[in-house]
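Based on the sequences and whatever the hints tell you, model everything.
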Amino acid sequence: MQNDPLSVSDRLANESLIVDVEGFEGPLDLLLMLSRTQKVDLRRISVLQLAEQYLAFVERAKGLRIELAADYLVMAAWLAYLKSRLLLPPDPAEQGPSAEELATHLAWQLERLQAMREAAAQLMARDQKGRDFFARGQEEEVTQHRRTNWSASLIDLMRAYARLRTKDEFRPFVMDRQNVFTMEQALDRMRDMLGFFGEWGDLADWLPPGWDTHPMRRRSVTAAHFSAVLEMAKRGQIDLRQGGTFAPILIRRRA
Amino acid sequence: MTGIPIAEQERMVEAVLFASAEPVSVAELAARLPEGADAAQALANLRKHYEGRGVRLVRVQDRWAFRTAPDLGFLMQRDVVETRKLSRAGIETLAIVAYHQPVTRAEIEEIRGVAVSRGTLDQLLELEWIRLGRRRMTPGRPATFVVTEQFLDHFGLESARDLPGVKELREAGLLDNRPAPAMMDSAADESQQGED
Amino acid sequence: MTGIPIAEQERMVEAVLFASAEPVSVAELAARLPEGADAAQALANLRKHYEGRGVRLVRVQDRWAFRTAPDLGFLMQRDVVETRKLSRAGIETLAIVAYHQPVTRAEIEEIRGVAVSRGTLDQLLELEWIRLGRRRMTPGRPATFVVTEQFLDHFGLESARDLPGVKELREAGLLDNRPAPAMMDSAADESQQGED
Numbered sequence: 001m002q003n004d005p006l007s008v009s010d011r012l013a014n015e016s017l018i019v020d021v022e023g024f025e026g027p028l029d030l031l032l033m034l035s036r037t038q039k040v041d042l043r044r045i046s047v048l049q050l051a052e053q054y055l056a057f058v059e060r061a062k063g064l065r066i067e068l069a070a071d072y073l074v075m076a077a078w079l080a081y082l083k084s085r086l087l088l089p090p091d092p093a094e095q096g097p098s099a100e101e102l103a104t105h106l107a108w109q110l111e112r113l114q115a116m117r118e119a120a121a122q123l124m125a126r127d128q129k130g131r132d133f134f135a136r137g138q139e140e141e142v143t144q145h146r147r148t149n150w151s152a153s154l155i156d157l158m159r160a161y162a163r164l165r166t167k168d169e170f171r172p173f174v175m176d177r178q179n180v181f182t183m184e185q186a187l188d189r190m191r192d193m194l195g196f197f198g199e200w201g202d203l204a205d206w207l208p209p210g211w212d213t214h215p216m217r218r219r220s221v222t223a224a225h226f227s228a229v230l231e232m233a234k235r236g237q238i239d240l241r242q243g244g245t246f247a248p249i250l251i252r253r254r255a
Numbered sequence: 001m002t003g004i005p006i007a008e009q010e011r012m013v014e015a016v017l018f019a020s021a022e023p024v025s026v027a028e029l030a031a032r033l034p035e036g037a038d039a040a041q042a043l044a045n046l047r048k049h050y051e052g053r054g055v056r057l058v059r060v061q062d063r064w065a066f067r068t069a070p071d072l073g074f075l076m077q078r079d080v081v082e083t084r085k086l087s088r089a090g091i092e093t094l095a096i097v098a099y100h101q102p103v104t105r106a107e108i109e110e111i112r113g114v115a116v117s118r119g120t121l122d123q124l125l126e127l128e129w130i131r132l133g134r135r136r137m138t139p140g141r142p143a144t145f146v147v148t149e150q151f152l153d154h155f156g157l158e159s160a161r162d163l164p165g166v167k168e169l170r171e172a173g174l175l176d177n178r179p180a181p182a183m184m185d186s187a188a189d190e191s192q193q194g195e196d
Numbered sequence: 001m002t003g004i005p006i007a008e009q010e011r012m013v014e015a016v017l018f019a020s021a022e023p024v025s026v027a028e029l030a031a032r033l034p035e036g037a038d039a040a041q042a043l044a045n046l047r048k049h050y051e052g053r054g055v056r057l058v059r060v061q062d063r064w065a066f067r068t069a070p071d072l073g074f075l076m077q078r079d080v081v082e083t084r085k086l087s088r089a090g091i092e093t094l095a096i097v098a099y100h101q102p103v104t105r106a107e108i109e110e111i112r113g114v115a116v117s118r119g120t121l122d123q124l125l126e127l128e129w130i131r132l133g134r135r136r137m138t139p140g141r142p143a144t145f146v147v148t149e150q151f152l153d154h155f156g157l158e159s160a161r162d163l164p165g166v167k168e169l170r171e172a173g174l175l176d177n178r179p180a181p182a183m184m185d186s187a188a189d190e191s192q193q194g195e196d
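Here the protein sequences line up with chains A, B and C, keeping their order.
Each residue of the first sequence is one higher than the one before, counting from 1 in my numbering.
Each residue of the second sequence is one higher than the one before, counting from 1 in my numbering.
Each residue of the third sequence is one higher than the one before, counting from 1 in my numbering.
Since the hints were made in silico from the structure, they are not lab data.
Only a predicted model underlies this, so the values are computations on that prediction, with no experimental measurement involved.
Hints are supplied without guarantee of correctness; some may be wrong.
What follows is a set of in silico ranges between Cβ atoms, one per label pair, in the way DEER data are often shown [as the list claims (entries may be wrong)]:
id	chain 1	residue 1	chain 2	residue 2	range
1	C	R131	A	S84	41 to 51 Å
2	A	T166	B	P102	17 to 27 Å
3	A	E94	C	A172	49 to 59 Å
4	C	E168	B	D153	55 to 65 Å
5	B	A143	A	P208	49 to 59 Å
6	B	E28	A	I66	53 to 63 Å
7	C	Q77	A	I66	22 to 32 Å
8	B	M76	C	A160	42 to 52 Å
9	A	E94	C	R141	28 to 38 Å
For each residue, glycine too, the CB sits at the ideal point set by N, CA and C.
This is how it looks when you write it as structure tokens:
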């Protein structure tokens with residue numbers, strides 16, 4: 001009995017299932033059908049027994065050279081894994097959900113699918129419009145009087161005017177400059193401070209306050225000032241020095 | 001004969017007439033009703049039941065149908081109010097009149113850089129957002145356009161002078177032509193408030 | 001306010017609803033009725049008046065319509081318009097959308113344990129029994145599906161809460177979105193995502 005949990009009639013049913021494999025909507029559908037042979041509440045179903053039934057089904061299909069879709073084989077592999085874990089005593093060192101949890105979830109999935117099937121059947125058994133009850137057959141025309149309300153908001157008006165007045169200086173795309181420090185700005189700033197550069201000083205010390213809080217602002221201000229001092233060095237206004245990669249960039253006024 | 005109560009027959013006739021796309025003759029009713037029913041009697045009772053109601057049972061030649069009571073015909077009309085955005089030409093023309101009034105058509109065309117169609121001005125005139133102002137005392141005595149009280153009312157302005165200038169528009173971020181309406185709206189609100 | 005007797009308002013609502021095959025919203029009724037009419041009260045009276053008659057006043061969410069009494073369906077058999085038969089996949093998918101809405105395609109597939117073919121959803125969309133709901137605020141922002149008013153109207157439901165057995169299913173936890181215990185494949189996927 002332990003070796004063959006299926007009765008003769010179940011086996012016959014299984015064989016007819018094989019012939020009918022095309023009729024199943026995937027492995028879950030097949031599992032639900034197999035679970036009926038246990039004739040118990042889906043909540044008390046033996047997932048181990050179900051796994052064995054499914055694996056037997058797949059074996060038999062292979063024997064009959066029936067082409068099974070990939071998801072049937074994936075389910076078979078997973079059920080074989082689940083079966084082995086259900087049979088073994090739980091390993092306390094093992095990570096992840098227990099075999100019991102996996103089995104419970106599968107049973108719940110089957111119960112949910114079954115519930116949806118029953119709900120669908122109940123839904124379709126309801127009185128339906130055009131079959132059991134009917135809408136008015138002779139609708140009366142409703143005359144429509146169309147009136148158009150033209151709308152425009154103040155913002156539309158101002159935007160339109162702004163667009164007209166700035167046609168020449170129209171900028172198709174403007175970056176959000178809140179976190180951007182431009183090289184022009186840096187150049188203006190550094191030029192103003194040129195007189196204060198004495199001996200070698202770290203460029204980082206000359207960056208404007210309030211720009212080191214946000215990484216985006218820090219990157220932008222650093223890049224802008226670096227470009228500015230390169231430009232100033234090119235013009236012969238300052239000297240630049242860097243000890244090595246990522247070392248501080250030192251600047252001083254050219255004598 | 002059949003033992004179907006006449007009230008039940010009345011229900012049946014009511015349902016059939018309600019659902020039918022065409023008026024139904026007594027003969028058709030009799031054919032549909034169960035054997036032995038008295039369609040004519042049921043019809044007569046039904047007609048009585050609907051007397052004075054919002055719908056009536058009426059005879060169309062020798063067929064029967066439900067119809068709205070004639071005194072309620074006015075309910076079968078529906079006013080559809082459709083809100084549509086003013087066209088770009090319309091809004092630009094309106095903006096120019098508001099900012100430059102009194103302004104001639106030629107001046108509007110100069111600022112827009114394109115001809116202003118008669119329809120655009122007509123629409124604004126019809127909406128009563130602009131009206132004709134005084135004629136300009138220049139050769140040809142061209143007509144000028146000014147905005148109306150209704151315009152100020154619609155846009156919530158006390159006077160056309162309250163409209164923000166180009167500089168304020170820029171400060172409000174309105175000259176940045178990027179699609180961030182929520183931000184721009186709030187910025188514009190602020191600039192308006194700033195002027196109060 | 002207006003002095004329109006409630007019986008007169010009832011007549012008006014009756015006329016408007018009789019004229020329309022589609023359910024009419026309370027708001028639209030109020031818009032069509034004269035100022036100051038109480039559409040809700042008139043509806044309540046009207047519903048009472050039609051109790052037990054051949055046609056009934058039914059509610060679909062906040063809309064109202066007259067429909068023939070279901071027990072008289074046999075009289076109208078010749079008016080039945082053959083609708084395209086839904087496949088088993090279609091029926092199940094429809095039920096899943098109705099009971100689990102808003103639901104994503106992936107969730108439908110999870111419940112049915114099989115891929116949903118494009119045609120199944122298309123057919124339900126075409127019948128206007130389901131429509132797109134809001135996008136889910138999860139990675140990929142997947143579209144969700146919900147049932148429509150036409151669906152409720154077709155199955156004679158006042159709202160999705162009146163679906164058969166919905167309360168029991170909810171209490172049994174069968175409408176929960178219970179994720180599979182993380183394992184094997186899915187666990188591996190998650191750890192990969194975590195690295196991004």
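Per the hint of 17 to 27 Å, is the separation of the Cβ atoms of A:T166 and B:P102 within bounds? Holds, at about 24 Å.
Tell me if the beta carbons of B:E28 and A:I66 are separated by a distance inside 53 to 63 Å. For A:I66 against B:E28, whose Cβ atoms are near 57 Å apart, the range 53 to 63 Å holds.
Can the suggested window of 41 to 51 Å be confirmed for the beta-carbon pair C:R131 and A:S84? At roughly 46 Å between Cβ atoms, A:S84 and C:R131 fall inside 41 to 51 Å, so the hint holds.
Has the hinted range 42 to 52 Å been met by the Cβ atoms of B:M76 and C:A160? violated, 32 Å
Should the hint that B:A143 and A:P208 are 49 to 59 Å apart at their CB atoms be regarded as holding? For A:P208 against B:A143, whose Cβ atoms are near 56 Å apart, the range 49 to 59 Å holds.
Verdict for C:E168, B:D153 (Cβ pair) under range 55 to 65 Å: Given about 59 Å between the Cβ atoms, the range holds.
Can you let me know if the beta-carbon spacing of A:E94 and C:R141 is within 28 to 38 Å? holds, 36 Å
State, for the Cβ atoms of C:Q77 and A:I66, whether the hinted interval 22 to 32 Å holds or is violated. For A:I66 against C:Q77, whose Cβ atoms are near 44 Å apart, the range 22 to 32 Å is violated.
Using the C-beta atoms of A:E94 and C:A172, is the stated range 49 to 59 Å upheld? This hint is violated: roughly 31 Å between Cβ atoms.
Violation of the numbered hints given earlier is confined to hints 3, 7 and 8; the remaining hints are satisfied by the structure.
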